[in-house]
Each structure stands twice: as structure tokens, then as C-alpha cells.
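K.L.:
Below, each chain spelled out in residue letters.
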Amino acid sequence: MISFRHIVPMTLCALMATGLCVVLMVDLSIPMLMAFVAACAIVAMIGWRRVHALDLKIALEHLKEAGFKQVQPDRKGMRSDVVVVFGGKQRFELEAKKLTKIVKAVVRARTERPRIIRPPAPLLDAIARTIWSDKTYRRVFAPARADIIFEWQAAIVRGDHRAARRIKYVRGPWIMLWTMAWQVPWSLLKKVVEIVKSA
Amino acid sequence: MLEQLIGRDKYGIELVDGSQGLLSRRSVYVILGRMEDKGFISGREVETPAGESGPPRRVYRVTGHGQRVLAAHEAAFAVLRGAR
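Protein chains in written order, with the numbering used here: chain Y, 53 to 251; chain H, 24 to 107.
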């Protein structure tokens, strides 16, 4: 995606290309070419500083939104480009590179979508809901899953993420599978198989 | 299971925890469903408390018929123990 940060260098490149075409078409002498190259270098340096200033301004805006407070934007007497204060106490002297890294991390954290965390055994729940009647699902499978979800959430709340993962991926599906197995009318199925075999 | 439910209403997971290993999470819900069909216990759904999330959980309580069945079972068991 093209952002505002890319417009300045792109504009400069376009102007330089246009200038080169004009020089080539009008006059191809060496002095003219050297003058053109020098002009491009000057414009590039001015543009680079302008982009750097824009980057710094955007970076400071992001930091302000994240709770940092700008103290000094200039570099007089310091090696750093900017000094930021966070929370009123911590003071950081940062170079532009570190500032860029921090801003990138802040922007990434702010734009990252929250993961949707599904409760345990959603597929088995859907299968149980499809195969068995509403009454059976409400009486047998819904309480089983509700208790599994309760246990899983309790593990997350107390910070035991290993247990929460174990409940979600192992214990929960295991309980649901066995509940489904217990609910199958095996004796009836056996009778049906016997009748089919005898017929 | 009926003995545990006489004291107070319980969830399925609490019945398993209080059974000292006699009940299993794999079969308890099916057994509770069958006991409910026979009228030994009654179950009701409890809404999730405010501030918590998750589907409503089912809590069970013993019925009068279930208490009579338990008393009859205990009487029969006492006779069997005495007969030995």
C-alpha cells in the first residue's frame, strides 16, 4: 500500500526522470549532464532530510498515542535524536533507528487483531447436535460441554495456560467422544447387525 | 450419585470430583441423562453469572422419587450385608 511516506521520494524520482529526459532531448553535453546530476543530488539530500523529518514527526505522533511524552526533539548536546519520557518517570534517549523500531512495535500492537479463541471441541459439539435429538443434546452433551468450557476458562483465569491447552485439545475432545460413545445404543445396533446377517 | 445430591444441588463435574474415583467424566453425563429420564433427579440450567462468560451450566438435584429409590437401595444393601 502506498503511504504518505512514499510520496516524497516517488515525486523526487519522477522529477529526476523528467529532467533527465529533457536534458537528453535538448542537450547531451557533459557539463549539462554534470549540472543535472548535481541538481539531482541536492534535491535528493533535501528530500531525504524532509522524509526523515516526516518519519520522525509520524513516529512521535505514534509514541504520543502510546503514552510517551516528547521532551526534546532536537539533538543539541546529545547523541540521540529525541528524548521521550514514559509514565512521567522513565526517560529514554533514543536514536532514530531505535525510535523506528519502537514505533513499528507500537503500530503493530495497535493494529493487530485479537485472536478469536474458540472453546474446546466445537466440531464434536456440532456433530452431536446434528446426530442426536434436541432433547438428548440438551440433557447430555450441552452440560458436558458447558463443564468442559468452565474448566478451560478456570485454567486460563488462574494463568495455567498449559492446563488450558491440555483441556482444549485433549481432555475436552476426549470427554465429548466418550460421551458420544456412551450415548450410542450399542445393544440396538448389535440386534440390527444380527438381523441383517441372518437375513 | 444420589447420595451426593441429597446434600445440595451439584454440577456434573462436582459429582465426579466428589465420587473419589468411582465416577468418570466420560460417562457421568450420560448416566445423569438416564437418571433424569427415569425421574430420579431433575436438572435445570443455571444462567452464567454477570461478568463471566460461557454457556449456561446444568445443575442437578435429587427428586422425591430418587430419595425413595436411594432409601430402598440402602435397605436392600443392608439386608444383603446382614445375610452374609
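Among the hints, a few may not be true.
Distance ranges between label pairs, derived from CB positions [to be verified]:
#1 A94(H) - K249(Y): 31 to 37 Å
#2 D40(H) - V222(Y): 14 to 20 Å
#3 D60(H) - R214(Y): 17 to 23 Å
#4 E26(H) - R217(Y): 21 to 27 Å
#5 S76(H) - A66(Y): 52 to 58 Å
#6 R57(H) - W226(Y): 20 to 26 Å
Quick list of in silico lysine-lysine cross-link-like pairs, DSS-like style, CA-CA up to 27 Å [unchecked claim]:
#7 K153(Y) - K61(H)
#8 K249(Y) - K187(Y)
#9 K33(H) - K242(Y)
Treat the hints as calculated values from the structure; they're not laboratory data. Given the structure is predicted, the values throughout are model-derived calculations rather than measurements. Ideal placement from N, C-alpha and C gives every residue a C-beta, glycine not left out.
K.L.:
Quick one, are K153(Y) and K61(H) close enough, alpha carbons at most 27 Å?
P.N.:
Roughly 67 Å separates the two Cα atoms, so the pair is violated.
K.L.:
Is the hinted range of 20 to 26 Å satisfied by the C-beta distance from R57(H) to W226(Y)?
P.N.:
With a Cβ separation near 21 Å, R57(H) and W226(Y) satisfy 20 to 26 Å, so the hint holds.
K.L.:
I want to verify a distance hint. Is the separation of the beta carbons of D40(H) and V222(Y) within 14 to 20 Å?
P.N.:
This hint holds: roughly 19 Å between Cβ atoms.
K.L.:
Is it true that the C-beta distance of E26(H) to R217(Y) lies inside 21 to 27 Å, as the hint says?
P.N.:
Because 35 Å falls outside the window, the suggested range is violated.
K.L.:
For the pair S76(H) and A66(Y), does the Cβ-Cβ distance stay inside 52 to 58 Å?
P.N.:
With Cβ atoms ~55 Å apart, the hint holds.
K.L.:
CA of K249(Y) to CA of K187(Y), is that 27 Å or under?
P.N.:
Given that 27 Å is the threshold and the Cα spacing comes to 32 Å, the pair is violated.
K.L.:
17 to 23 Å was suggested as the range; check whether the CB atoms of D60(H) and R214(Y) agree with it.
P.N.:
About 38 Å separates the Cβ atoms of D60(H) and R214(Y), which means 17 to 23 Å is violated.
K.L.:
Range hint 31 to 37 Å: satisfied by the CB atoms of A94(H) and K249(Y)?
P.N.:
45 Å, violated
K.L.:
Sort out whether K242(Y) lies within 27 Å of K33(H), counting only the CA atoms.
P.N.:
Violated. K33(H) to K242(Y) sits at ~35 Å, over the 27 Å cutoff.
Hints 1, 3, 4, 7, 8 and 9 from the earlier list are contradicted by this structure; the remaining hints agree with it.
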